[in-house]
Amino acid sequence: MSDAALTAIAIAPRPRGLRRLWRRHPTLMIGGAVIAAMVVLAIAAPLFAGNPLTMDPMHRLRPPSAQHWFGTDTLGRDVFARTVFGARISLFIGLTVAFGAIAGGLVVGLLCGFYRRFDAVVMRVMDGLMAIPSILLAIALVSLWQGGVPVVILAILIPELPRDVRLVRSIVLGVRERPYVEAAIAGGARTGKVLRRHILPSTIAPLTVQGTYVCASAILVEAGLSFLGAGIPPSIPTWGNMIAGSELYLALAPWTIFCPGIALAVLVLSVNLLGDGLRDLLDPRLSRHP
Amino acid sequence: MGAYIARRLGSTLVVMAIVGLIVFLLLHLAPGSPAAIIAGDNATPAQIDQINHQLGLDKPLPVQFVIWAWAVLRGQFGTSIFSGVPVMDLVMQRLPATVSLTMVTVVFAATVAVTAGVFAAWRAGGILDRALMGVAALGFSVPVFVVGYFLIYLFAITLRWLPVQGYVPLSQGFWPWFSHLLLPALALGLAYLALIARITRASVLEVLAEDYIRTARAKGASSLSQLFHHALRNAGVPIATVIGIGIALLISGVVLTETVFNIPGIGRLTVDAITNRDYPIIQGVMVVFAGVYVVINLLVDLSYTLIDPRIRH
Chain U
1 MSDAALTAIA IAPRPRGLRR LWRRHPTLMI GGAVIAAMVV LAIAAPLFAG NPLTMDPMHR
61 LRPPSAQHWF GTDTLGRDVF ARTVFGARIS LFIGLTVAFG AIAGGLVVGL LCGFYRRFDA
121 VVMRVMDGLM AIPSILLAIA LVSLWQGGVP VVILAILIPE LPRDVRLVRS IVLGVRERPY
181 VEAAIAGGAR TGKVLRRHIL PSTIAPLTVQ GTYVCASAIL VEAGLSFLGA GIPPSIPTWG
241 NMIAGSELYL ALAPWTIFCP GIALAVLVLS VNLLGDGLRD LLDPRLSRHP
Chain L
291 MGAYIARRLG STLVVMAIVG LIVFLLLHLA PGSPAAIIAG DNATPAQIDQ INHQLGLDKP
351 LPVQFVIWAW AVLRGQFGTS IFSGVPVMDL VMQRLPATVS LTMVTVVFAA TVAVTAGVFA
411 AWRAGGILDR ALMGVAALGF SVPVFVVGYF LIYLFAITLR WLPVQGYVPL SQGFWPWFSH
471 LLLPALALGL AYLALIARIT RASVLEVLAE DYIRTARAKG ASSLSQLFHH ALRNAGVPIA
531 TVIGIGIALL ISGVVLTETV FNIPGIGRLT VDAITNRDYP IIQGVMVVFA GVYVVINLLV
591 DLSYTLIDPR IRH
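Line by line, the protein sequences give chains U and L.
Residue numbering for the first sequence follows our numbering, starting at 1 and increasing by one per position.
Residue numbering for the second sequence follows our numbering, starting at 291 and increasing by one per position.
Think of the hints as simulated: they come from the structure by calculation, not from any bench.
Since this is a predicted model, take the numbers as computed values, not measurements.
Incorrect hints may have been included.
Stated by the list, open to error - In silico negatives: residues of chain L with every beta carbon more than 12 Å from chain U: (1) Ala333; (2) Gly368; (3) Met382.
Unchecked claim - Restraint-style ranges between C-beta atoms, simulated for each label pair: (4) U/Arg197 with L/Arg297: 51 to 59 Å; (5) U/Pro234 with L/Asp348: 52 to 60 Å; (6) U/Leu53 with L/Leu596: 54 to 62 Å; (7) L/Ile601 with U/Pro179: 29 to 37 Å.
Even glycine gets a Cβ: it sits at the ideal position worked out from N, Cα and C.
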């Protein structure tokens, strides 16, 4: 881990440190705060949001009011409840794909950086995967394997992998030439131990940053897939499904599209801001303001 | 140079072969037999047997791959399950709309992004710079379809300046064609614009610190000449690269944009194919789009020597 990261961990828990963090990395704090708020709302959804599935055809397409904060959709369902419950899916998919892609990228990337022959084969496959537009690959996987949420997660994860593998691989190739790694190898350390003790720590900071970007991208792709009808089944309230189901009512009831749309944009923006902030914090050399 | 082009062409062919293998295996490793998938949900066992025989699915997998790849090389992706029309014919029919949309988007986004990026770097930290970086952050975060519906709501439904949806071929006049593409290109181009603007700003900022820029300033070159003649030219390689890589982003966005704006292009063809589980179409479109992406990146790589004569392969 870099010195900057160690310093950050050392100062983070103190209130004075928090204030300093706010002054130096406002994007990190804003992104983090909005995400934290959304996570709390999503977890507590059943306590306050009401039922997202209850239909009330008598009160369909009603504009926002005191009773229905975000109005109602074409079946008279409460858009606020659906938006809050939709956050659960988006957050779940974003986190699962981020952890999955980082774990996968780490394992494959470490092996690629250390075993030449494995590397030659795997990197060609990654080049091939990168050439196929991610949403098309995901559509093909979902429409062939048909099987709900786990398949959607895999379909989003697989096109994300090549970038993470490449990142880890480039770090390994850089670090393995360092004297302390050469010394460990010369000292007779087994490959597994070299990877774990001497190379793995260098990947933690960049992978944390990369993980946030993967998370943001996964949330966008899931919404896109649901919007196209190739994602989570339409009976489950997700932001993509809500927008797809309200397509015809844009002129009549714009809130049915813009409420989930804005929630989606705010969540993704916050995750991206958190990522930018983490990048500046963990690796000042990559800062956007050189 | 010749050797470099040959090597680069070789690796492009390898990538395309792997794309072919991935697309082929997707169908053959999926649960259920490929014949059952190709025949559709309502097929009888006799029909499935017939397809198995027709497509040579009773042969070993490597043999099947070679046969399939040979057909693909000759532009034969099979026929659509739903309409019975050859996939390549469907793709060619839909091509003009998609190419129109992509061209308008690339020209618009690249021009705006490069110009704005250069000026943002010139006055780094200034109002334009902050505004541009704000737009860039939004561009990465707001999905294409949300931007699309917002633009339709504002410019087509509320202000009534532009048509809501649809596509008119160029043969029916420039303005009808262009007015239908304006909003889709804006929606599709936002993320692309954000990407190019960020890279342009960063690489111009780096070049502006070089000695030859100071020399240019000292000999009295105007600000515009300094920026566009001296700085942009030298910052060109990363910008060209990102314009090429960004095409992948654009292709994914095309599928969503065509759905929002009801444009009868290749993206729309794909989305309709999902509903019908028309797998040959999805397969064909994946290979075609991957081919476009690979060729564009090849051209970008080869353009490096034109942009920067210092690069020798």
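Going down the list of hints, with the structure as the test:
1. Ala333: holds, 16 Å
2. Gly368: holds, 15 Å
3. Met382: Holds: least Cβ distance 18 Å, greater than 12 Å.
4. U/Arg197 with L/Arg297: 51 to 59 Å: Since U/Arg197 and L/Arg297 have Cβ atoms about 38 Å apart, the given range 51 to 59 Å is violated.
5. U/Pro234 with L/Asp348: 52 to 60 Å: violated, 38 Å
6. U/Leu53 with L/Leu596: 54 to 62 Å: With a Cβ separation near 59 Å, U/Leu53 and L/Leu596 satisfy 54 to 62 Å, so the hint holds.
7. L/Ile601 with U/Pro179: 29 to 37 Å: holds, 32 Å
Of the hints listed earlier, those the structure fails to meet are numbers 4, 5, in rising order.
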